[in-house]
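As you go down the protein sequences, you meet chains P and L in turn. Take the first sequence: its letter number 34 is residue 34 in UniProt numbering, and every next letter is one higher. Take the second sequence: its letter number 125 is residue 125 in UniProt numbering, and every next letter is one higher.
Do not rely on the hints blindly, as some may be mistaken.
Residues from chain P shown here face chain L by an in silico Cβ test under 7 angstroms; the list is partial [stated by the list, open to error]:
{"hint": "1", "residue": "Tyr74"}
{"hint": "2", "residue": "Arg289"}
{"hint": "3", "residue": "Phe293"}
{"hint": "4", "residue": "Gly296"}
As a list, the in silico SDA-like pairs of lysine to any residue whose alpha-carbon atoms are at most 20 angstroms apart [as the list claims (entries may be wrong)]:
{"hint": "5", "chain 1": "P", "residue 1": "Lys286", "chain 2": "L", "residue 2": "Lys317"}
{"hint": "6", "chain 1": "P", "residue 1": "Lys286", "chain 2": "L", "residue 2": "Lys269"}
{"hint": "7", "chain 1": "L", "residue 1": "Lys286", "chain 2": "P", "residue 2": "Asn216"}
{"hint": "8", "chain 1": "L", "residue 1": "Lys96", "chain 2": "L", "residue 2": "Asp111"}
{"hint": "9", "chain 1": "L", "residue 1": "Lys286", "chain 2": "P", "residue 2": "Met294"}
{"hint": "10", "chain 1": "L", "residue 1": "Lys243", "chain 2": "P", "residue 2": "Asp275"}
{"hint": "11", "chain 1": "L", "residue 1": "Lys243", "chain 2": "P", "residue 2": "Thr272"}
{"hint": "12", "chain 1": "P", "residue 1": "Lys286", "chain 2": "L", "residue 2": "Arg63"}
{"hint": "13", "chain 1": "L", "residue 1": "Lys286", "chain 2": "P", "residue 2": "Phe299"}
{"hint": "14", "chain 1": "L", "residue 1": "Lys254", "chain 2": "P", "residue 2": "Ile157"}
{"hint": "15", "chain 1": "P", "residue 1": "Lys128", "chain 2": "P", "residue 2": "Leu301"}
{"hint": "16", "chain 1": "L", "residue 1": "Lys317", "chain 2": "L", "residue 2": "Lys243"}
{"hint": "17", "chain 1": "L", "residue 1": "Lys162", "chain 2": "L", "residue 2": "Lys254"}
{"hint": "18", "chain 1": "L", "residue 1": "Lys254", "chain 2": "P", "residue 2": "Ile295"}
{"hint": "19", "chain 1": "P", "residue 1": "Lys269", "chain 2": "L", "residue 2": "Asp111"}
{"hint": "20", "chain 1": "L", "residue 1": "Lys254", "chain 2": "P", "residue 2": "Val156"}
{"hint": "21", "chain 1": "P", "residue 1": "Lys286", "chain 2": "L", "residue 2": "Thr32"}
{"hint": "22", "chain 1": "L", "residue 1": "Lys286", "chain 2": "P", "residue 2": "Thr272"}
{"hint": "23", "chain 1": "P", "residue 1": "Lys269", "chain 2": "L", "residue 2": "Lys286"}
{"hint": "24", "chain 1": "L", "residue 1": "Lys101", "chain 2": "L", "residue 2": "Leu185"}
{"hint": "25", "chain 1": "L", "residue 1": "Lys286", "chain 2": "P", "residue 2": "Arg289"}
{"hint": "26", "chain 1": "P", "residue 1": "Lys217", "chain 2": "P", "residue 2": "Lys186"}
{"hint": "27", "chain 1": "L", "residue 1": "Lys286", "chain 2": "P", "residue 2": "Thr123"}
{"hint": "28", "chain 1": "P", "residue 1": "Lys286", "chain 2": "L", "residue 2": "Pro67"}
{"hint": "29", "chain 1": "L", "residue 1": "Lys162", "chain 2": "L", "residue 2": "Leu185"}
{"hint": "30", "chain 1": "L", "residue 1": "Lys269", "chain 2": "P", "residue 2": "Met294"}
{"hint": "31", "chain 1": "L", "residue 1": "Lys26", "chain 2": "L", "residue 2": "Ser334"}
{"hint": "32", "chain 1": "P", "residue 1": "Lys310", "chain 2": "P", "residue 2": "Gly66"}
Since the hints were made in silico from the structure, they are not lab data. Even glycine gets a Cβ: it sits at the ideal position worked out from N, Cα and C.
There are 2 protein chains.
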Amino acid sequence: MGMGAVVESREWYLASYAPQGVPNSKHLKLRTASVSLEPHSIPDGHLAIQTLLLSIDPYIRTRFTGPNNLDGLYFPQYHLNQVITGVGIGRVKVSKDSKYKEGDIVLVFGDLPFAEYSVISSTKVSTKIDDDAIALPNYLSCLGVPGFAAWISLEVIGKPKKGSNVFISAASGAVGMIAGQLAKLKGSRVIGSTGSDEKVKLMKEEFGYDDGFNYNKEVDLDAALSKYFPDGIDVYVDNVGGKTLEAVLNHVNKQARIALCGMISQYDKVWTERDGVRNLLNLIGKEVRMEGFMIGSYFNLFDDFAEEMKKYIKEGKLKPKHKINIGIETALDSLNSLFTSSNIGKVIIQFNA
Amino acid sequence: MGMGAVVESREWYLASYAPQGVPNSKHLKLRTASVSLEPHSIPDGHLAIQTLLLSIDPYIRTRFTGPNNLDGLYFPQYHLNQVITGVGIGRVKVSKDSKYKEGDIVLVFGDLPFAEYSVISSTKVSTKIDDDAIALPNYLSCLGVPGFAAWISLEVIGKPKKGSNVFISAASGAVGMIAGQLAKLKGSRVIGSTGSDEKVKLMKEEFGYDDGFNYNKEVDLDAALSKYFPDGIDVYVDNVGGKTLEAVLNHVNKQARIALCGMISQYDKVWTERDGVRNLLNLIGKEVRMEGFMIGSYFNLFDDFAEEMKKYIKEGKLKPKHKINIGIETALDSLNSLFTSSNIGKVIIQFNA
Numbered sequence: 001m002g003m004g005a006v007v008e009s010r011e012w013y014l015a016s017y018a019p020q021g022v023p024n025s026k027h028l029k030l031r032t033a034s035v036s037l038e039p040h041s042i043p044d045g046h047l048a049i050q051t052l053l054l055s056i057d058p059y060i061r062t063r064f065t066g067p068n069n070l071d072g073l074y075f076p077q078y079h080l081n082q083v084i085t086g087v088g089i090g091r092v093k094v095s096k097d098s099k100y101k102e103g104d105i106v107l108v109f110g111d112l113p114f115a116e117y118s119v120i121s122s123t124k125v126s127t128k129i130d131d132d133a134i135a136l137p138n139y140l141s142c143l144g145v146p147g148f149a150a151w152i153s154l155e156v157i158g159k160p161k162k163g164s165n166v167f168i169s170a171a172s173g174a175v176g177m178i179a180g181q182l183a184k185l186k187g188s189r190v191i192g193s194t195g196s197d198e199k200v201k202l203m204k205e206e207f208g209y210d211d212g213f214n215y216n217k218e219v220d221l222d223a224a225l226s227k228y229f230p231d232g233i234d235v236y237v238d239n240v241g242g243k244t245l246e247a248v249l250n251h252v253n254k255q256a257r258i259a260l261c262g263m264i265s266q267y268d269k270v271w272t273e274r275d276g277v278r279n280l281l282n283l284i285g286k287e288v289r290m291e292g293f294m295i296g297s298y299f300n301l302f303d304d305f306a307e308e309m310k311k312y313i314k315e316g317k318l319k320p321k322h323k324i325n326i327g328i329e330t331a332l333d334s335l336n337s338l339f340t341s342s343n344i345g346k347v348i349i350q351f352n353a
Numbered sequence: 001m002g003m004g005a006v007v008e009s010r011e012w013y014l015a016s017y018a019p020q021g022v023p024n025s026k027h028l029k030l031r032t033a034s035v036s037l038e039p040h041s042i043p044d045g046h047l048a049i050q051t052l053l054l055s056i057d058p059y060i061r062t063r064f065t066g067p068n069n070l071d072g073l074y075f076p077q078y079h080l081n082q083v084i085t086g087v088g089i090g091r092v093k094v095s096k097d098s099k100y101k102e103g104d105i106v107l108v109f110g111d112l113p114f115a116e117y118s119v120i121s122s123t124k125v126s127t128k129i130d131d132d133a134i135a136l137p138n139y140l141s142c143l144g145v146p147g148f149a150a151w152i153s154l155e156v157i158g159k160p161k162k163g164s165n166v167f168i169s170a171a172s173g174a175v176g177m178i179a180g181q182l183a184k185l186k187g188s189r190v191i192g193s194t195g196s197d198e199k200v201k202l203m204k205e206e207f208g209y210d211d212g213f214n215y216n217k218e219v220d221l222d223a224a225l226s227k228y229f230p231d232g233i234d235v236y237v238d239n240v241g242g243k244t245l246e247a248v249l250n251h252v253n254k255q256a257r258i259a260l261c262g263m264i265s266q267y268d269k270v271w272t273e274r275d276g277v278r279n280l281l282n283l284i285g286k287e288v289r290m291e292g293f294m295i296g297s298y299f300n301l302f303d304d305f306a307e308e309m310k311k312y313i314k315e316g317k318l319k320p321k322h323k324i325n326i327g328i329e330t331a332l333d334s335l336n337s338l339f340t341s342s343n344i345g346k347v348i349i350q351f352n353a
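Based on the provided sequences and hints, a complete structural model is requested.
What follows is the structure, encoded as structure tokens:
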């Protein structure tokens, strides 16, 4: 597998679109391709990469929907028969760009193939990773997409203060666990919702949430929010949308802010069948700002974000939880675990080296 | 009726709450009371006022709903058997505050009784009106609540620029007609929706809208917005909520801004029966900010607003339209005209002097 070899590389490709529901083995399939690592076969400005880690994120599911059903979905669709892509970390095997050399570890935002080996443009690399004090999976969680999303939700949109009442849905997930810890670092009172008692326990004991509840048990969300927020909600980081967002709108305080980070409860339905939110009138009376965002529009703030987060990690103030599944063959199950609420923390695939 | 007299004063009072539907003569009734204008009967710091003009606004309807049904309604409820109140202009008949004298014309924001005569605290007076160059009804339209709401929608929240695509619902109403003209003054392309062909004509010919449509004819709102906004919507001033807001969300551009000014289509329903908006996911993908507001939180900007608007009025750049109904007895019909879309422009009651 050294330079000069042609390697076998397993890769996930899109076999058919999934307009609704959770993708399964009809939609995503694994195949084996050959990738040449001969330097003369790598174009200038490109890198041959051996994948080390891949980030499994809810938005990936929205890229399987198919071109006819995209209302409100905002990432480009994958193409049939082509390898799917995402965020990941790889080792440079061959470099045709003088900025990188064999052995460099690189973070690729958004376009790293779900493959053991691949050849990509060096412009896809976001950053070279050279800080040994921080373990690699952190670059896909607190220092990566979910961490940045959590940071924007709070620093740019939600702006909680000391004593603010903050609610976070999918609170033990990749974004939620970071958002919760960041809000605690601001001195806020932070409550989260999640899908199991085990995760509620984790949120309180490891992530430092003041309290939390299992939405599968608290079937009356409105009553649950009355109980956990007797003084109302000042900041909501929404990762789920739908009925939870609607319930929150009945509990917002004056000039509350809602950061719309994701709506995992809504992705697998056509828009006319999504949950209608009936109480937007609260946004007027309570003078609420509700704002959606995509991290791509905030890259000018990425260095500020990374600096702050690295400091917290090194000081032990931020404790991410990673669910690391071993082997490229776990990708489909890993993705599905996001939708069955069976994951805890950031789901990452670690490749067999 | 000079100083020292006791005058008969007709007044509208709340006879019963209207949890749903448009209020009628069972809910609002007219009666005659006696008001003493004897100086010794007026408390210190108070004024005896003869009402000249009253503003008829959609939010008034939300104050009839009754205390058990308030989800999302944001103004205090009127009390049974008590005189209802609103925004209006009056003449001081007796002053027990050295800042005002008999004959002063004063603007009262929010708590002027719907009565021919009343005694109010001088702290309720927003401003003494002493600019003869501006006709009084303007103080209830472009220089009053609807004008300020339109100005905040655009200056603070929507921020349209030259060439922005701006959509305004209830576009010939009190807020809409001002918002449309202000957006045109910024150089935007402005399209409005309203309830009759006559009003579409007025919008284009008098208010300067680039185009507009009658929502009673364009029953497929989505198709209408595709037609009128081939390049999408950058700024939406929402006065109606519900299905119109939902349709707009299918046409928003990247980083569009939605100012939630009012939701007249939703006021007369309990919240669980209001229209559910199913496509909030667009707020994420398009990175949209949607923000509700109440003018009371922006009074620090009122002088800036008034200065800008007076300049436009004197330069003839802003042409408000007033529907002036004569006599206190027209209040109920005037209010109902807002909900049957039979009004044009700002509805004002002018009292018989």
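Looking at the structure, which of the earlier hints fail to hold? Per hint list: 4, 5, 7, 16, 19, 21, 24, 26, 27, 30 and 32 violated.
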